[in-house]
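Protein chains in written order, with the numbering used here: chain V, 611 to 1337; chain Z, 611 to 1337.
Please note that the accuracy of each hint is not assured.
One copy or any two copies: either way a pair holds, since identical chains are not told apart in the list.
[Claimed, not checked] In silico lysine to aspartate or glutamate, EDC-like type, Cα no more than 20 Å apart, as pairs: (1) Lys639 <-> Glu767; (2) Lys620 <-> Asp772; (3) Lys639 <-> Asp669; (4) Lys1231 <-> Glu1209; (5) Lys677 <-> Asp700; (6) Lys639 <-> Asp1011; (7) Lys620 <-> Glu825; (8) Lys620 <-> Glu844; (9) Lys639 <-> Glu1179; (10) Lys1231 <-> Asp1205; (11) Lys677 <-> Glu693; (12) Lys677 <-> Asp1270; (13) Lys677 <-> Glu666; (14) Lys677 <-> Glu704; (15) Lys677 <-> Glu1163; (16) Lys677 <-> Asp823.
For the record, the hints were derived by calculation from the structure and aren't laboratory data.
Protein chains: 2
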Amino acid sequence: MPIRNDATLKQLLDPASIAIVGASDNPDKIGGRPIHYMRRHGYAGRLFPINPQRAEVQDERCWPALKDLPATPELAIVAVAGEQGVRAVDECAELGVGAAIVISAGFAETGTAGRALQDAMTARARAAGMRIVGPNSQGLANFGTGAVASFSTMFLEVAPADGPVAVISQSGGMSAMVYGLLRQRGIGVRHVHATGNEADVTVADLACAVLRDPEVRIVLLYLESLREAGVLAEAAALARERGVALIAVKAGRSEAGARAAASHTGALANEDRAVDAYFEQHAILRARDPQELVRHAELALRGPLPRGPRVVVVSNSGASCVLASDAALERGLEIAPLGAATQAELARRLPGFATTVNPVDITAALLSNNGLFGEVLPVIAPDPAADSFLIDIPVAGRGYDVAAFAADTASFAARAGKPVAVVAWQEAVATAFRERGVAVYADEQQACDTLAALYRLQRLRERRARGARAWEPAAVPGDASEVMPEVMPATGRHYGAGTLSEADSLAVLARHGLAVAEHALCADADAAVAAWRRIGAPVAVKACSARLPHKSEHGLVALRLDDEAAVREAVTGQARTLARLGVHDAAWIVARMHDGLHECALGVRNDPVFGPVILVGAGGKYVEAIDDVAVLLPPFHRDDVAAKLRGLRIGALLAGVRGDPPADIDALAEQAVRLGRYAQAAQDSVASVDINPVLVGARGQGAVALDALVELVGASPASGWADQGAK
Amino acid sequence: MPIRNDATLKQLLDPASIAIVGASDNPDKIGGRPIHYMRRHGYAGRLFPINPQRAEVQDERCWPALKDLPATPELAIVAVAGEQGVRAVDECAELGVGAAIVISAGFAETGTAGRALQDAMTARARAAGMRIVGPNSQGLANFGTGAVASFSTMFLEVAPADGPVAVISQSGGMSAMVYGLLRQRGIGVRHVHATGNEADVTVADLACAVLRDPEVRIVLLYLESLREAGVLAEAAALARERGVALIAVKAGRSEAGARAAASHTGALANEDRAVDAYFEQHAILRARDPQELVRHAELALRGPLPRGPRVVVVSNSGASCVLASDAALERGLEIAPLGAATQAELARRLPGFATTVNPVDITAALLSNNGLFGEVLPVIAPDPAADSFLIDIPVAGRGYDVAAFAADTASFAARAGKPVAVVAWQEAVATAFRERGVAVYADEQQACDTLAALYRLQRLRERRARGARAWEPAAVPGDASEVMPEVMPATGRHYGAGTLSEADSLAVLARHGLAVAEHALCADADAAVAAWRRIGAPVAVKACSARLPHKSEHGLVALRLDDEAAVREAVTGQARTLARLGVHDAAWIVARMHDGLHECALGVRNDPVFGPVILVGAGGKYVEAIDDVAVLLPPFHRDDVAAKLRGLRIGALLAGVRGDPPADIDALAEQAVRLGRYAQAAQDSVASVDINPVLVGARGQGAVALDALVELVGASPASGWADQGAK
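One chain only, chain V, in its complex shape (with noise of 0.2 Å):
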């Protein structure tokens, strides 16, 4: 666990002096760029460059070596390879600097020998409270009070300048590559870090330390492994906080970039879903690349929100009002008709072939009245079916007043407090918007892609704001604290191979509050007839030991038994099949057969990253190939369950259609929560947990648990992921 220290942080990125440790007269070398960097971009606190040859570089006053120096700097840039590095890091830590960047490579990232010289340095320098970035760094740059500690080329590329958005990035190359998309974008970048081999700080360190910055309006990461989920957690409540935009780029998502990650960065793979899923507890934004990242925080920047899912399209194009519905919809937008008084004054302002409805064409009439834009967005504004404008501009040549359309659209969008998307295919329009503030793209399915993406966050915000009070803990039946009892009172069985029995298993979710199916636990034949007359009605019969996951499969459950002679039958001939697999420690449970419409699964995975995962969706025995589930971090609401239901294939079954009555939906999102609950108090004892089915009823019927599968910490790993509810 990385030591956190606001203060050290903090100094990481205002520090009051800087050692350049390695640094050079040619600006070009790496020793020599951050000196030139902070001399350009006015860096007032003092540098120390460090050079045994030298007594002057670039024009600065050069020291032989640390010792030498008059004061003890703040932080400290190591630009010298090898074990010249390894004892400038020890030199720093000896004389109390607060933060070495390590520019330095041929740590972690070269393998074994690497990753331990690497782990004994930062150690020693955490032993003296000295906090590392990198190895194997690009630096810190910020661009706010001149501190660039990178040397990074691309701020030579593309001139910096000073604006609301912080970029931090595991990847050197991705920060500068994201950083040089902002600035073609116009969008000024005050923070550009690079945290490399993370021996120490972490990319959620540095997001908590802008966040602390008031001016920073919006922050954008570059992962390619998430290794602790708390620190980030704290970035993203700060955010929320604050108002600001956090967008991230997890890569490796595939399995294919997965490996390139580890051989990148030795990124350890996370489970992509839980990765979605923690992101969406967090109120993260997730951006698929940097280029989407780039789009999504520009239109963040120039604007709220959208408070909901219904553009308004304006084009002077015919086409692109097909295509921009078109890139809507398929993105869950919507385009709802304009309310028939703002059709009727547009129609007063716009010529007779135009069209009012949404989209709204203004055809080429914008060509004899440049200001059609400025009269018709006002008139659009207040209609409930604008939640958002896009704006679509492909023509705009000879005879169009572009910078009038701009000045115009700036000024609405300034006062409309929706969001406003300008789609502009020539880059000569594109420039005059984005000159006056306004988020640009190149088409409209990249449009739709950050509306639709924004839309998104506003309500992972709201969720999240109703989720501080939805989560109150409850009162759950059972006794929560036990969560996983020595000996199981059901059957009085160990359990062997790592998991419980079905039994057992149905045992403990049910003192955790989860309906489970009515049965009973039966030593022999007698007692299944017993139990089937006290239940009174037909049931199934299945051998169960802990030895057994895989029953069915055996021919081991027996359904809908409603005579004495089947359920004894059932019992003496699973009884020869278990002699026959040398299963002696079995015995029968008799449950009813429960009625319901729907079966359904719900599971739990132990992320060794994001811990306790939720998983709800369709079940059965085709649970797997079907892989129609969401995915959930507790602690999460009931709402929020039937929200992602919604979002599954199952979802258009439980609302009912084809005559069935809608589901029990609240009935499978409690169980879920209460599932939730107790995986979040058994994490450290179980491993892994599977209900299927989960039969849900007609609403107010409830949903029970048929089967289930328990799975201890210390079992074989053989139920990871890919068998998600797979029994």
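Guided by the hints, dock chain Z onto chain V, whose structure is given.
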């Protein structure tokens, strides 16, 4: 149906003389611009400006009226509005002009009166043997001959250059925009044609025409509706024959998009899945939007199509390796490891910390050896893991010799015989590669979209080539010519309400070679009992009447009956229900309960544009809600169906999971083929067919239709696309 006459279509594109009615001296006026363009682009034929007010326009001699011309022009551009325009078209027709491009608007796009005007004008022109482009057309431009009969502003803004690409669009704006995007990428464009209202000449007509130009190598279409499938199919056949990539945007995919298209070009909505199936059938590659159209064109122009899904990624950035891997896998491409020999050879050339497996991270070593790309690529080229190359150079500033990379890549691409796509984030890098004729993409997503799309086009072509052999008519059990017998021999009943009864539906399908459940139609309980005895196995008893399409919702289906009392009670119980429902002409189907693994469904929709369309996919009660269905246009081969089924969600189940054997996909596919043959033969009488469920057994066990509903032409339109498979 438009007249099709290749000679006049050729005249449109390469006329020996052109009259401009409404000629203007001002090159920025609609009547002036074509003259300006034709003079600028060296049109070698005769120009006949017509303007009664002037003796000269733009230094060309001008005539007062068409009738005063010294010769009959092959082509006339009508650039005068309203009644004058109509008169001019009539005069052209009377004089024997070959074709007229009617730029004037105010016709069908304005409503009913305008449509009548347009229809009458077109009818007179046709009667005289004259073709019409438009009205409401931006015109046709041929930069090969300089015959630029267009007033598009875009040719002033982006300088034309002749090249191998043709752009044909209903929308004038889109024809210009696609032209602009192509030229931005440095691609030469010969044809830019806009058809406007398509009173006569359509996009498909012009596609056929440009495909006869041997220098055209890519044809790009923008469509908002498809009104007839035949001519475009001809164009597609020509394109396949010549190895020309035919790529199309069909906008108006979504409901809102189709609505917008209707007000833009009066386009009729097409069922989008039928459009997809039609494009697949003819190996037309569909692009999502004009930007994607152009991105696909760029790679298709630069080399061969990918022969397989395996991409090798080569980059100087580890992060890009991760992003490219993610993007490739998400599009169904593969990142296969390079062979041991290839890796060993790469290891000899690359520094120790580079990765050689694929992605190949050549690292910043590129800085010290600018020839590294040129060395590395030929080593990889023969490896079977390389169906295509993605070269990713996000970082290439100071110290990099980008010109050398571009030259090396271009010379490699010219020899490789495999597609090479470059990802360059920086415009300067992109330009360097593009100038060398290498396809360049702004990010990994776009590059992988295009690689995946072109691989799909390759497979569509291969399928089509196979198909030419596979689609020979095969022997079919039953008499396929008897598509809809007058009297259904199985029942003798007439069919009410435009649908056949279940028994009649099954009988028709059986006669066309489909396997249907063993069953008998019974008039009463005695007959039903006798049928059960004859079948000698458990049966289903179902009331049967053409007035009862929703029998299961009325409880008129009893399953798994296997004793006389149960069969008798089912018939008498259902008879009571039928009496309550007022149905007095029912009989009973007694059908064997067949065994099987999976419930699938087959269907036919008779599309007004594409003819019979075959649906195949997951069946059962929730067929619409599950919506897991593939769409094909007949004729097709069994293997085409099997490939489609693999792409469905049910594909994983049919392959065999959780201990199930693989299902008899071939039998299901064969049923689909036979249904396709029937649907083609019966398309004048059958509006739709729903077969659900089709019970599919284990491999070798067949697939059997358990229930079917044939809807006749002229029936109520209830059975639209929306409720595919619903009964």
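Legend entry - 20 Å Cα threshold - placement of Glu844 relative to Lys620: Answer is within: at 16 Å inside a copy they meet the 20 Å cutoff, but 69 Å across does not.
Inset, instruction - Check Lys677 against Glu1163 for me: Cα-Cα at most 20 Å, and say if that holds within a copy, between copies, both or neither. - result: This pair counts as neither: shortest intra-copy Cα distance 73 Å, inter-copy 89 Å.
Inset, instruction - Indicate which option fits the pair Lys677, Asp823 if close means a Cα-Cα distance not exceeding 20 Å: within, between, both or neither. - result: neither (33 Å within a copy, 79 Å between copies)
Inset, instruction - First find the shortest C-alpha distance between Lys620 and Asp772 inside one copy, then the shortest across copies, and answer within, between, both or neither for a cut-off of 20 Å. - result: within (18 Å within a copy, 60 Å between copies)
Legend entry - Within, between, both or neither: Lys677, Asp700 at alpha-carbon 20 Å: Close inside one copy (12 Å), not across copies (97 Å); limit 20 Å.
Legend entry - Lys620 and Glu825: within-copy, between-copy, both or neither at 20 Å Cα: within (15 Å within a copy, 65 Å between copies)
Inset, instruction - Indicate which option fits the pair Lys677, Glu693 if close means a Cα-Cα distance not exceeding 20 Å: within, between, both or neither. - result: within (18 Å within a copy, 94 Å between copies)
Inset, instruction - Evaluate Lys677 and Asp1270 at a C-alpha cut-off of 20 Å and name the case that applies: within, between, both or neither. - result: neither (81 Å within a copy, 74 Å between copies)
Inset, instruction - Have a look at Lys639 and Glu1179 and pick one of within, between, both or neither, based on CA distance no larger than 20 Å. - result: Neither: 84 Å inside a copy, 94 Å across copies.
Legend entry - Intra/inter-copy verdict for Lys639 and Glu767 if alpha-carbon distance must be at most 20 Å: Within one copy only: 15 Å inside, 44 Å across.
Legend entry - Status of Asp669 relative to Lys639 across identical chains (alpha carbons, at most 20 Å): Within. Shortest intra-copy distance 16 Å satisfies the 20 Å Cα cut-off; inter-copy 64 Å does not.
Inset, instruction - Measure nothing new, just compare the shortest in-copy and cross-copy C-alpha distances for Lys639 and Asp1011 to 20 Å and report within, between, both or neither. - result: The answer is between: 18 Å across copies meets 20 Å, while 48 Å in one copy does not.
Hint compliance for this structure: hints 9, 12, 15, 16 are broken, all remaining hints hold.
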